[in-house]
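Asker: Sequence:
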Amino acid sequence: MPSRLALAVGLLLVGIAADVGTTYVALTGSEYVEGSPVGRLFISRFGLLGGMLLTKVVGMAVIGVPVAVAGGTRRFVATLMCAGVGALSLAVAARNLLFVAGLWP
Numbered sequence: 013m014p015s016r017l018a019l020a021v022g023l024l025l026v027g028i029a030a031d032v033g034t035t036y037v038a039l040t041g042s043e044y045v046e047g048s049p050v051g052r053l054f055i056s057r058f059g060l061l062g063g064m065l066l067t068k069v070v071g072m073a074v075i076g077v078p079v080a081v082a083g084g085t086r087r088f089v090a091t092l093m094c095a096g097v098g099a100l101s102l103a104v105a106a107r108n109l110l111f112v113a114g115l116w117p
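Following this note's numbering, the numbering of the sequence shown begins with 13 at its first residue and continues without gaps.
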């Protein structure tokens with residue numbers, strides 16, 4: 013059975029791929045504007061892939077730093093960061109799909 017960290021890394025990779033793919037489709041195929049001001053800034057400065065990966069790094073820091081400061085082990089911090097950013101990325105990808113389908117305002 014895979015470890016929690018391995019599952020979290022898998023979730024992170026799937027979430028990033030889904031988010032980048034659906035954001036690309038939304039940006040190129042509609043009037044979509046990146047919802048996050050931070051994401052919008054990074055995408056405008058570093059391009060779609062670079063900007064989105066940078067937003068993931070920032071998200072990991074926002075999740076991981078407080079947990080690390082609170083005394084979490086490195087493995088726990090890494091698991092939480094990967095799972096948290098992966099889950100948020102999947103949620104954003106789902107919203108992007110709904111937007112492209114015309115079901116999100």
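If you're looking for bench data, these hints aren't it; they were derived computationally from the structure. Only a predicted model underlies this, so the values are computations on that prediction, with no experimental measurement involved. There could be a bad hint or two in this list.
To be verified - If you anchor each label on the Cβ, the simulated ranges turn out as follows:
1) S15 with L115: 35 to 41 Å
2) P49 with T85: 31 to 37 Å
3) V70 with W116: 30 to 36 Å
4) S56 with R87: 21 to 27 Å
5) A113 with A29: 30 to 36 Å
6) M13 with L60: 33 to 39 Å
7) E43 with S15: 38 to 44 Å
8) V26 with L53: 37 to 43 Å
9) P78 with S48: 31 to 37 Å
We put the beta carbon where it would ideally sit given N, CA and C, even for glycine.
Asker: Among the hints numbered above, which are violated by the structure, and what are their numbers in rising order?
Answerer: Structure breaks hints 3, 4, 5, 8, 9.
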